[in-house]
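Colleague: If you want the building blocks of each chain, they are given just below.
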Amino acid sequence: MAVATAAGRDEARIPSGKLAMWWFLASEIMTFGGLLAAFVLCRLAAGGWEEQAAHVSTRIAAFNTALLVTSSLTMVRAHEAVDAVDRRRVTLNLLATVLLGAAFLGVKAYEYSGELAHGFTPWAGPFWSFYYGLTGLHALHVFGGVVANAALCAASARNRLWPHLHHRVEYVGLYWHFVDVVWIFLFPLVYLS
Amino acid sequence: MSHVAAAAHGHHPEPGFWRKYVFSVDHKVIGTQYMFLGLVMALLGGASVYVIRWQLAWPESQIPLTGWIPEPAMYEGHLDPAFYNQLVTMHGTIMVFFVAMPILLGGLGNFLLPLMIGADDMALPRLNMMSFWTIFTAAMVLVASFFVPGGPASAGWTGYPPLSADAQYTGVEWGLNLWILALALEFGSFLMGGVNFLTTAINMRAPGLSFFRLPLMVWMQLTAAVLFMLSVGPLIAGAVMLLLDRTLGTSFFLPARGGDPLLWQHLFWFFGHPEVYVVLLPGVGAVLEVLPAFARKPIFGYRAIVYSTIVAGVLSFIVWAHHMFIAGIDPRLATPFSITTILISVPFAVLLFAMIATLWGGSITFATPMLFAIGFLVTFLVGGVTGIFNGSAALDIFIHDTYFVVGHFHYTLFPTVFFGGFAGIYYWYPKIFGRMLHEGLGKLHFWLTFVTFNLVFLPMFRLGMGGHMRRIYNPLNYEFLRPLEPVNQFVTVAAIALLVSQVPFALNFLGALVWGRRAPANPWNATTLEWATASPPPHGNFATVPTVHHGPYEYSRPDTAADFVPQHVPLPAPPAAEAVGAAGI
Amino acid sequence: MDHWFPESISTYGADVDGIFHLIYWIVGFWFVLTLGVLLYCVVRFRRRAGVPASHIRGERWRELAWIVVPAAIVLLLDLGIDAAGARVWDHVKTDLPPGDVHLAVTGKQFEWLITYPGPDAKLGTADDFTLNSQLHVPAGKDVRITLRAEDVLHSFFLPHVRLKQDAIPGRTIDMWFNATRPGTWELACAELCGFGHHTMRGTFVVHAPEEWEQWIRSRAPSA
Amino acid sequence: MTDDRYPTSTTIWIWLMLLLGLGLACAWLPFGRTTAVFAIFTVAVVKAALVLRHYMHLRSEGLLVYAIAAIPVLLVIGMTLSLVPDIVFNR
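Protein chains in written order, with the working numbering: chain A, 1 to 193; chain B, 1 to 585; chain C, 1 to 223; chain D, 1 to 91.
Errors might be hidden in some of the hints.
As the list claims (entries may be wrong) - Now the in silico label distances, taken between C-beta atoms and shown as ranges:
no. : chain 1 : residue 1 : chain 2 : residue 2 : range
1   : B       : LEU65     : D       : LEU81     : 29 to 39 angstroms
2   : D       : LEU64     : C       : HIS3      : 39 to 49 angstroms
3   : D       : PRO85     : A       : HIS166    : 26 to 36 angstroms
4   : D       : ALA70     : B       : THR137    : 50 to 60 angstroms
5   : B       : THR137    : A       : HIS166    : 29 to 39 angstroms
6   : C       : ALA14     : D       : LEU64     : 49 to 59 angstroms
7   : D       : PRO85     : B       : VAL148    : 36 to 46 angstroms
8   : B       : LEU65     : C       : ARG46     : 36 to 46 angstroms
9   : C       : ASP120    : B       : LEU248    : 43 to 53 angstroms
10  : B       : THR137    : C       : GLY50     : 54 to 64 angstroms
11  : C       : GLY50     : B       : PHE136    : 45 to 55 angstroms
12  : C       : THR125    : B       : VAL148    : 33 to 43 angstroms
13  : D       : LEU81     : A       : ALA154    : 39 to 49 angstroms
14  : B       : VAL493    : C       : ALA65     : 40 to 50 angstroms
What the hints assert, rightly or not - Residues of chain B clear of chain A, computed beta-carbon distances all greater than 10 angstroms:
no. : residue
15  : GLY259
16  : GLU485
17  : VAL503
What the hints assert, rightly or not - To be clear about the criterion: a stretch of chain B counts as covered by chain D if any three or more of its residues have a C-beta under 8 angstroms from a C-beta of chain D, and this derived list gives those stretches:
no. : region
18  : 229–235
19  : 458–466
Just so you know, these hints were derived from the structure itself, not from any lab.
Just so it is clear, the structure is predicted and the values come from calculations on it, not from any experiment.
Glycine included, C-beta positions come from ideal geometry on N, C-alpha and C.
All chains, please: the whole structure from these sequences, using the hints.
Modeller: Rendered as structure tokens:
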């Protein structure tokens with residue numbers, strides 16, 4: 001009975017999972033927002049970060065942006081495939097998302113190693129502290145998204161939890177796109193200006 | 001979300017011991033777990049008070065009953081200054097994050113929210129379980145920090161850098177890292193909780209339960225959840241930065257490395273002030289439930305209360321710098337923030353006046369919950385008016401960082417957590433445990449607490465006016481503080497009495513579990529939905545989901561024989577005016 | 001109640017205390033009024049046999065007026081308090097006078113380094129000299145202090161002057177006061193700065209003007 | 001989600017890629033610094049808006065979700081602005 005009523009209560013409302021995800025994203029906006037605000041303010045205050053900022057590779061970052069944006073596309077297509085109840089497309093698109101996300105992390109790791117090799121460590125000055133803080137926190141989020149997507153991909157491949165897969169793909173998708181949006185702002189803040 | 005509900009009910013028939021009492025997804029069990037966690041941590045936070053107060057009253061003396069504390073914390077009964085700072089830090093951290101929040105939000109919130117909205121459980125029960133075990137881990141980490149070399153954090157509960165950002169300034173190595181970790185986990189836990197509360201209240205309300213028919217406790221819990229979720233982010237970011245400063249040697253907050261200490265203060269207080277209301281509102285909510293039930297009257301100005309709560313919540317985001325008037329911020333910022341700060345007294349004035357107006361023309365029974373509710377009104381009034389002093393930037397030049405501030409925030413938090421929280425615990429204990437508490441012990445507990453509390457904290461305003469600084473290990477070092485020592489000693493004696501005053505509660509709380517009279521479903525003849533089911537409520541809460549017909553506080557209607565009409569019972573042919581009043585359209 | 005404060009020895013000390021009294025009387029009135037009404041309700045409306053409670057919702061404006069009007073009055077009084085406070089704040093913290101005497105104070109764990117301009121009354125010259133935790137100033141003169149911190153946050157607190165200002169490493173903050181009464185007072189640290197926080201006490205001597213000149217000379221490095 | 005009223009996800013992706021190129025162009029073309037920064041962040045906002053509206057389906061959400069997404073953004077902006085006098089100019 002409780003199940004029936006709970007479901008009945010839910011008609012014509014936003015699914016709880018989606019609502020919860022949006023509230024979670026709201027708090028995430030505040031977290032990244034706080035860090036970004038600190039970065040912008042300190043940069044305006046201190047000034048003279050340009051020569052440090054000149055050492056980060058815009059090319060690599062641009063490539064990474066392309067990867068992440070594309071992974072958002074595959075994520076959406078996975079969701080569309082779920083709507084179309086096409087399990088094979090779901091699996092493939094999720095797989096693509098996972099691979100693109102992993103590629104992003106790989107490129108990031110390569111970028112880090114290069115900078116560390118040149119002595120640009122997190123303790124090499126305010127700019128580098130913020131650089132590693134911001135991109136590192138973002139990378140952690142990407143990693144979390146990759147893990148979640150991999151789980152979904154496996155579930156879809158092994159034809160598990162079909163009834164819920166629809167919701168799950170949508171919620172993880174929301175998170176994944178949010179991580180993408182964060183990067184869309186990180187990229188110009190850290191690499192372009 | 002049907003699969004979530006299914007998860008909540010995957011456990012019929014009754015689960016085994018572990019799934020039922022330890023890793024339970026039942027919001028009632030989880031709420032109780034939160035409550036016990038809070039009460040246990042309160043013992044720790046309270047014990048620290050004894051040492052701190054004794055040190056302030058008789059600085060050069062040996063502190064009795066502390067022989068078991070090893071060096072370097074104590075040297076044959078004498079307190080080490082560093083350990084004094086650590087106790088002050090831990091007292092604040094524990095009481096705010098591990099006592100107030102678990103009991104008021106985690107405990108009462110978790111237990112009551114689904115019951116009050118006629119739901120079978122939280123919207124996301126497994127997330128709920130995860131949130132408890134996260135804060136449990138956080139509490140363990142915090143306790144563990146007492147035992148690492150160098151001892152626990154000692155930079156004050158606000159953890160201002162540079163003191164907190166580099167071990168060389170305090171000699172505390174891992175203690176402070178663990179402190180940051182514990183806070184991060186605690187924030188994570190209440191983020192999950194907040195997500196859950198909001199989703200539940202939006203999606204799981206019983207048929208007919210429009211937002212303006214919600215019990216005010218639910219409104220308060222929701223506002224608190226929103227405030228927490230929207231304010232904690234920047235501090236999480238700050239905590240990460242501080243941890244990196246300590247471990248990797250990054251340069252966020254250390255001027256020596258090009259950082260800015262004020263940045264932390266801003267990030268901390270941007271969260272810190274809304275946090276005050278996160279703790280405050282649930283206590284207010286409990287009082288708002290108790291007052292009508294024992295005055296047998298509808299709450300006065302339901303809408304006014306809801307709106308002023310929201311206004312106060314919004315204002316709480318634009319006042320944070322009043323914690324930093326003399327912290328070196330641009331002096332031109334002081335007056336705007338002073339104005340917004342003092343403006344907050346308006347919504348709270350409305351709130352308090354509405355509570356008092358609720359008593360007007362009532363028929364008041366002085367059961368223990370009501371005593372605590374009235375105690376809340378009296379003490380919170382003091383906290384409110386003294387806030388005006390602290391809110392004035394000009395006066396802060398003198399009283400900031402003095403005991404006037406200490407007195408003030410204890411007069412706001414203590415009424416909330418103690419009088420509000422105890423009003424709630426005494427009021428809902430029958431619902432939670434299915435047993436009645438002992439009235440005599442309850443009344444004794446109230447009077448002892450009420451008297452000793454005022455004896456402890458009223459003199460602190462006197463100390464503050466004398467210029468007595470906070471966090472001073474030995475006031476006798478200062479000539480101008482020597483005359484105040486008798487006041488310090490008086491406060492200490494009263495504080496010990498206040499601690500002892502909690503014994504009747506402990507006896508009552510634990511004793512009633514065994515010997516308490518069995519509680520009926522609705523011992524107080526109250527109207528809200530949680531009283532419509534058995535005490536304690538069964539797994540799944542309601543045999544059949546109740547339908548709500550009217551607002552939460554239908555007491556003493558002229559047109560009914562009984563002096564209350566529960567929310568799930570239709571009103572006798574409501575006149576049009578009443579219908580508009582009750583149903584929020 | 002004034003004797004509860006430390007003796008006030010500065011030009012603006014009375015203004016700060018004045019704000020306290022202003023707020024004290026305003027909120028005191030409201031406190032007594034509200035508490036009175038509360039106690040009246042508690043006594044007058046306690047349960048009596050056969051006397052039912054009245055069913056007042058407080059949703060109509062005629063009823064709400066009872067709480068909205070007082071709240072509106074509170075609002076007006078608040079703005080008054082803000083206006084009065086803002087004047088004092090600006091006088092103490094925002095509009096700093098150039099100052100007759102200029103000192104540099106640096107807080108470090110756990111003492112105050114106080115640098116004096118020497119006889120030439122100029123900082124940054126050869127005859128400057130620095131004392132540990134001993135603050136000497138002339139009476140009746142505007143004293144301008146540039147505040148710094150070496151390691152962690154400290155708070156420069158002269159209770160008798162009613163002046164408090166946090167010292168932040170990496171920033172310099174200027175402040176001023178004018179002590180009117182000669183005598184020996186105290187300088188305190190009001191911001192937790194480590195295990196020695198309570199020992200970070202300084203003596204604060206206000207000299208009569210004539211006596212000040214010779215004190216400066218007596219302490220200046222022989223040059 | 002895939003109804004004809006809205007551009008397909010692939011179309012959006014192409015737009016995002018073009019905007020990425022545009023952003024890079026702004027950085028490398030010889031603009032004045034302020035112009036460049038302004039242009040770059042306009043591009044970023046447009047990209048974010050596209051992702052939010054189409055990929056995160058804000059286009060088919062109600063007022064509640066818009067509020068949940070917008071309020072934190074406003075708070076962050078407000079916080080940043082109110083910290084400017086303190087962190088930026090007061091050192």
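Colleague: Work down the list of hints and note, for each, if the structure agrees.
Modeller: Verification of the hints:
1. For B/LEU65 paired with D/LEU81, a C-beta distance near 53 angstroms fails the hint of 29 to 39 angstroms.
2. As the Cβ distance of D/LEU64 to C/HIS3 is approximately 58 angstroms, the hint placing it in 39 to 49 angstroms is violated.
3. Range check, D/PRO85 to A/HIS166: Cβ separation about 49 angstroms, and the 26 to 36 angstroms hint is violated.
4. The hint said 50 to 60 angstroms for the Cβ distance between D/ALA70 and B/THR137, and at roughly 34 angstroms that hint is violated.
5. Remark: the range hint 29 to 39 angstroms for B/THR137 to A/HIS166 is upheld by a beta-carbon distance near 33 angstroms.
6. Judged by the Cβ atoms, the range 49 to 59 angstroms given for C/ALA14 and D/LEU64 holds: they are separated by roughly 55 angstroms.
7. Checking the proposed 36 to 46 angstroms range against D/PRO85 and B/VAL148 shows it holds: the Cβ atoms sit about 40 angstroms from each other.
8. The supplied range of 36 to 46 angstroms is met by B/LEU65 and C/ARG46, whose beta-carbon atoms lie about 43 angstroms from each other.
9. For C/ASP120 paired with B/LEU248, a C-beta distance near 48 angstroms keeps the hint of 43 to 53 angstroms intact.
10. A C-beta distance of roughly 57 angstroms is found between B/THR137 and C/GLY50, which places it inside the suggested range of 54 to 64 angstroms.
11. Our hint of 45 to 55 angstroms for C/GLY50 and B/PHE136 holds, since their Cβ atoms are close to 52 angstroms apart.
12. At about 50 angstroms, the beta-carbon gap between C/THR125 and B/VAL148 misses the expected band of 33 to 43 angstroms.
13. Range check, D/LEU81 to A/ALA154: about 46 angstroms between beta-carbon atoms, so the 39 to 49 angstroms window is met.
14. A hinted range of 40 to 50 angstroms for the beta carbons of B/VAL493 and C/ALA65 is consistent with their spacing of about 46 angstroms.
15. For B/GLY259, the shortest C-beta to C-beta distance to chain A comes to about 6 angstroms, within the 10 angstroms cut-off, and the non-interface label is violated.
16. Every C-beta of chain A lies more than 10 angstroms from that of B/GLU485, the closest at about 43 angstroms, which supports listing it as non-interface.
17. Annotated as non-interface, B/VAL503 keeps its C-beta farther than 10 angstroms from every C-beta of chain A; the closest such distance is 40 angstroms.
18. With 3 residues having a Cβ less than 8 angstroms from any Cβ of chain D, the region 229–235 of chain B passes the three-residue criterion, so the hint holds.
19. Note: the region 458–466 of chain B has 0 residues with beta-carbon separation from chain D under 8 angstroms; the three-residue rule is not met and the coverage is violated.
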